[in-house]
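A.B. asks: Line by line, the protein sequences are chains A and B.
Under our numbering, the final residue of the first sequence carries the number 93; numbering is consecutive throughout.
Under our numbering, the final residue of the second sequence carries the number 621; numbering is consecutive throughout.
It is worth saying that the hints were derived from the structure and are not from the lab.
Among the hints, erroneous ones may be present.
As the list claims (entries may be wrong) - The calculated lysine-lysine pairs, modelled on DSSO-like cross-linking and capped at a C-alpha distance of 30 Å, are:
| id | chain 1 | residue 1 | chain 2 | residue 2 |
| --- | --- | --- | --- | --- |
| 1 | B | Lys380 | B | Lys462 |
| 2 | A | Lys28 | B | Lys525 |
| 3 | B | Lys513 | A | Lys28 |
| 4 | B | Lys465 | B | Lys513 |
| 5 | B | Lys429 | B | Lys565 |
| 6 | B | Lys465 | B | Lys380 |
| 7 | B | Lys462 | B | Lys513 |
| 8 | B | Lys513 | B | Lys565 |
| 9 | B | Lys362 | A | Lys28 |
| 10 | B | Lys384 | B | Lys513 |
| 11 | B | Lys539 | A | Lys28 |
| 12 | B | Lys565 | A | Lys28 |
| 13 | B | Lys380 | B | Lys445 |
| 14 | B | Lys525 | B | Lys380 |
| 15 | B | Lys380 | B | Lys539 |
Stated by the list, open to error - FRET-style restraints, in silico, Cβ to Cβ:
| id | chain 1 | residue 1 | chain 2 | residue 2 | range |
| --- | --- | --- | --- | --- | --- |
| 16 | B | Asn417 | A | Ala57 | 50 to 58 Å |
| 17 | A | Val58 | B | Asp444 | 43 to 51 Å |
| 18 | B | Glu547 | A | Thr71 | 29 to 37 Å |
| 19 | B | Lys513 | A | Asn79 | 52 to 60 Å |
Said to hold, decoys possible - Now the stretches of chain A that chain B is said to cover, found in silico as 3 or more residues with beta-carbon under 8 Å:
| id | stretch |
| --- | --- |
| 20 | 22-29 |
| 21 | 33-46 |
Don't be surprised by glycine CBs; every beta carbon is placed ideally from N, CA and C.
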Amino acid sequence: MSLLDYFRSSKPNSASLAKERLQILVAHERASRNQPSYLPELQQELLAVIRKYVNVSQDAITVHFDQDGNQETLELNIVLPEDR
Amino acid sequence: MARIIVVTSGKGGVGKTTTSAAIAMGLAKHGHKTAVIDFDVGLRNLDLIMGCERRVVYDLVNVINNEATLNQALIKDKRCENLFILPASQTRDKDALTTEGVEKILEELSKDFKYIVCDSPAGIERGATLAMYFADDAFVVTNPEVSSVRDSDRMLGILSSKSRRAENGEEPIKEYLLLSRYSPERVKLGEMLSVEDVQEILSLHLLGVIPESKSVLNASNSGTPVILDEQSDAGQAYADIVARYLGEDRPHRFIDEKKGGLFSKLFGSK
Chain A
10 MSLLDYFRSS KPNSASLAKE RLQILVAHER ASRNQPSYLP ELQQELLAVI RKYVNVSQDA
70 ITVHFDQDGN QETLELNIVL PEDR
Chain B
352 MARIIVVTSG KGGVGKTTTS AAIAMGLAKH GHKTAVIDFD VGLRNLDLIM GCERRVVYDL
412 VNVINNEATL NQALIKDKRC ENLFILPASQ TRDKDALTTE GVEKILEELS KDFKYIVCDS
472 PAGIERGATL AMYFADDAFV VTNPEVSSVR DSDRMLGILS SKSRRAENGE EPIKEYLLLS
532 RYSPERVKLG EMLSVEDVQE ILSLHLLGVI PESKSVLNAS NSGTPVILDE QSDAGQAYAD
592 IVARYLGEDR PHRFIDEKKG GLFSKLFGSK
């Protein structure tokens with residue numbers, strides 16, 4: 010390994026950093042792009058209904074939409090508080 | 352029937368107008384009757400890049416509003432008889448462009464043109480969405496830089512959902528990647544995203560790489576599409592792109608430092 014290489018490798022490679030950031034961002038944005046537009050509203054309404062019975066916090070409910078070929082799945086996850 | 356090509360990117364300043372001018376000239380020089388339309392209403396610039404800014408009398412919006420006929424508004428290029436330019440208007444009225452108006456113009460042009468190149472404005476507002484709405488092919492111009500790649504991906508999403516082909520359930524728009532302002536030297540140093548990186552992120556078919564080149568500014572200074580500068584690397588890159596688009600099998604150039612270096616040694620870096 011030459012001296013030049015040593016200095017080169019000690020520098021962070023900004024291109025690979027850019028690629029990594031983009032891959033995460035693009036994957037995230039593509040996932041949200043394919044979601045039906047009613048999803049946030051659905052989440053709010055579900056939260057309102059559940060709150061009629063149980064006092065859950067705003068972030069206790071997650072709505073996840075997945076598309077795999079022809080199959081679409083809507084996954085609901087509600088975390089109930091420990092003390093009722 | 353004409354084939355409608357949209358040149359798009361989302362982000363501004365990546366080389367859409369340079370690309371539109373170059374490929375329209377390239378297609379025309381291959382003998383195909385080609386029209387190039389500036390969709391950047393309010394900020395027209397294609398006329399300047401094409402060098403016909405002093406010959407603009409009527410524009411796109413005049414034709415839409417029936418204030419002029421299409422033939423009155425089309426500017427015939429002085430260098431190539433197969434090429435015609437339809438300039439954008441300078442109106443600040445954002446509603447001047449209508450879907451019906453654009454459709455009517457494209458239909459009329461389709462009768463005797465082979466290719467229609469739509470130069471999209473930056474952003475995702477009406478001019479940009481209308482430029483791509485009727486397209487058959489999309490040339491996505493991207494710089495090897497984070498914001499440009501992200502915006503290109505965003506445009507791909509819009510192309511696949513908000514086009515006439517998507518809405519009618521027809522075969523989707525064919526999307527091509529044109530990677531511009533590429534610097535193999537900086538890629539080698541790890542300072543710039545490589546062609547492979549960008550392709551991996553966008554998963555697009557690569558039509559060509561346009562190297563960062565002084566010839567692009569020289570060409571715009573003189574109002575000459577850079578493809579006419581046959582000695583220049585950028586001009587040759589666009590010539591390759593047009594040939595590949597027309598079905599010719601040409602190996603990719605300007606990707607490796609070595610080739611570019613040898614090239615500039617032989618012909619001088621332009």
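A.B. asks: Now, for every hint given, state plainly whether the structure supports it.
C.D. replies: Each hint tested on the structure:
1. Of the pairs offered as hints, the one joining Lys380/B and Lys462/B holds, with about 20 Å between alpha carbons and a cut-off of 30 Å not exceeded.
2. A distance of roughly 25 Å separates the Cα atoms of Lys28/A and Lys525/B; the hinted pair therefore holds under the 30 Å criterion.
3. Of the supplied pair hints, the one linking Lys513/B and Lys28/A holds, its CA atoms being roughly 28 Å apart against a limit of 30 Å.
4. Of the pairs offered as hints, the one joining Lys465/B and Lys513/B holds, with about 24 Å between alpha carbons and a cut-off of 30 Å not exceeded.
5. For the hint pairing Lys429/B with Lys565/B, the CA-to-CA distance comes to about 24 Å; that is within 30 Å, so the pair holds.
6. Simply put, Lys465/B and Lys380/B have alpha-carbon atoms about 12 Å apart, close enough for the 30 Å limit, and the pair holds.
7. About 25 Å separates the Cα atoms of Lys462/B and Lys513/B, which keeps this hinted pair within 30 Å; it holds.
8. Distance check on the hinted pair: Lys513/B and Lys565/B sit about 36 Å apart at the alpha-carbon level, beyond 30 Å; violated.
9. Among the hinted pairs, Lys362/B with Lys28/A is consistent with the structure: their alpha-carbon atoms are about 18 Å apart, no more than 30 Å.
10. Restraint check for Lys384/B and Lys513/B: satisfied, since their Cα atoms lie roughly 28 Å apart, inside the 30 Å limit.
11. Of the pairs offered as hints, the one joining Lys539/B and Lys28/A holds, with about 15 Å between alpha carbons and a cut-off of 30 Å not exceeded.
12. The straight-line distance between the Cα atoms of Lys565/B and Lys28/A is roughly 27 Å, inside the 30 Å bound, and the hint therefore holds.
13. With a CA separation close to 34 Å, the supplied pair Lys380/B and Lys445/B exceeds the 30 Å bound.
14. Taken as a hint, the Lys525/B and Lys380/B pair is honoured in the structure, with Cα atoms around 23 Å apart against an allowance of 30 Å.
15. Annotation: proposed proximity of Lys380/B to Lys539/B is violated, straight-line Cα distance about 35 Å (limit 30 Å).
16. Between Asn417/B and Ala57/A the beta carbon distance is about 52 Å. The supplied range of 50 to 58 Å therefore holds.
17. The hinted window of 43 to 51 Å between Val58/A and Asp444/B holds, with their beta carbons roughly 46 Å apart.
18. Checked against the hint of 29 to 37 Å, the C-beta distance between Glu547/B and Thr71/A comes to roughly 36 Å, which is consistent with it.
19. Restraint check, Lys513/B to Asn79/A: a C-beta distance of roughly 22 Å breaks the suggested window 52 to 60 Å.
20. Coverage of the stretch 22-29 of chain A by chain B holds. Counting CB-CB distances below 8 Å, 6 residues qualify, and the rule asks for three or more.
21. Restraint check on the stretch 33-46 of chain A versus chain B: 5 residues with Cβ-Cβ distances below 8 Å, three needed, restraint holds.
In the structure shown, a violation is registered for the earlier hints numbered 8, 13, 15 and 19, in ascending order.
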